[in-house]
Amino acid sequence: MESKSKFKIIAIIEFILIILITAFFISQYNDSVKRTDIFEKFSPDKKYSLTFSEVGITYPLGSTDVEITVGKLSNNEWHYSPYMSIVVYNEGSATSGDFDFEWYNDYVIIHVKSKQHSDITYRIYWNDVFK
Numbered sequence: 001m002e003s004k005s006k007f008k009i010i011a012i013i014e015f016i017l018i019i020l021i022t023a024f025f026i027s028q029y030n031d032s033v034k035r036t037d038i039f040e041k042f043s044p045d046k047k048y049s050l051t052f053s054e055v056g057i058t059y060p061l062g063s064t065d066v067e068i069t070v071g072k073l074s075n076n077e078w079h080y081s082p083y084m085s086i087v088v089y090n091e092g093s094a095t096s097g098d099f100d101f102e103w104y105n106d107y108v109i110i111h112v113k114s115k116q117h118s119d120i121t122y123r124i125y126w127n128d129v130f131k
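Here our numbering is used: the first residue of the sequence shown is 1, the next is one more, and so on.
No lab work stands behind these hints, which were simulated from the structure alone.
Check before you lean on any hint, since a few could be wrong.
Derived pair list, reagent style DSSO-like, types lysine-lysine, alpha-carbon separation capped at 27 Å [what the hints assert, rightly or not]:
no., residue 1, residue 2
1, Lys115, Lys46
2, Lys8, Lys131
3, Lys6, Lys47
4, Lys113, Lys8
5, Lys115, Lys47
6, Lys34, Lys72
7, Lys46, Lys72
8, Lys113, Lys6
9, Lys47, Lys8
10, Lys72, Lys4
11, Lys46, Lys113
12, Lys113, Lys72
13, Lys4, Lys113
14, Lys72, Lys41
15, Lys6, Lys72
The model shown is predicted, which means the values in this text are computed figures rather than measured ones.
Build the full structure now, drawing on both the sequences and the hints.
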């Protein structure tokens, strides 16, 4: 009888340790989400830029979370504003080849090519970003 109660106590302690270790690693991941710049694209007049960054961990055959930061050149100084996050379905890391651009005076159209889903189009108006 005594060995069964020792076994139960040890099992409970092991279970609590596993929970604490798991919680520790989850909190570490959330505190240090990986952000990797992929590429930067400039408007033809070089007044605006779009920086594309992967956020989090990318898994093969899956999707990639991408953050788009918009930059504006004003008085020879760049001003940046994180604007939107999108999901790219591309079977791995996102690359500049996953995107096509149409630049206009007041906005840019971004076409996101997908290997797994329908392509998606976004439109970013400069006045919406820099008010």
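Evaluation of the provided hints:
1. Taking the CA atoms of Lys115 and Lys46, the gap is near 31 Å; set against the 27 Å cutoff, the hint is violated.
2. For the given pair, Lys8 sits about 63 Å from Lys131 by alpha-carbon distance, which is inconsistent with the 27 Å threshold.
3. Of the pairs offered as hints, the one joining Lys6 and Lys47 is violated, with about 71 Å between alpha carbons and a cut-off of 27 Å exceeded.
4. The straight-line distance between the Cα atoms of Lys113 and Lys8 is roughly 55 Å, outside the 27 Å bound, and the hint therefore fails.
5. Restraint check: the Cα-Cα separation between Lys115 and Lys47 comes to about 32 Å, which exceeds 27 Å; the hinted pair is violated.
6. For the hint linking Lys34 to Lys72, the alpha-carbon distance of about 25 Å falls within 27 Å, and the restraint holds.
7. Between Lys46 and Lys72 the CA atoms are separated by roughly 9 Å; this keeps the pair inside 27 Å, and the hint holds.
8. For the given pair, Lys113 sits about 59 Å from Lys6 by alpha-carbon distance, which is inconsistent with the 27 Å threshold.
9. Distance hint between Lys47 and Lys8 is unfulfilled; the C-alpha atoms sit about 68 Å from each other, more than 27 Å.
10. Simply put, Lys72 and Lys4 have alpha-carbon atoms about 69 Å apart, too far for the 27 Å limit, and the pair is violated.
11. With a CA separation close to 24 Å, the supplied pair Lys46 and Lys113 stays within the 27 Å bound.
12. For the hint linking Lys113 to Lys72, the alpha-carbon distance of about 25 Å falls within 27 Å, and the restraint holds.
13. For a cut-off of 27 Å, the pair hint linking Lys4 to Lys113 is broken: about 60 Å separates their Cα positions.
14. The suggested pairing of Lys72 with Lys41 holds, with an alpha-carbon distance near 12 Å, which does not exceed 27 Å.
15. For a cut-off of 27 Å, the pair hint linking Lys6 to Lys72 is broken: about 67 Å separates their Cα positions.
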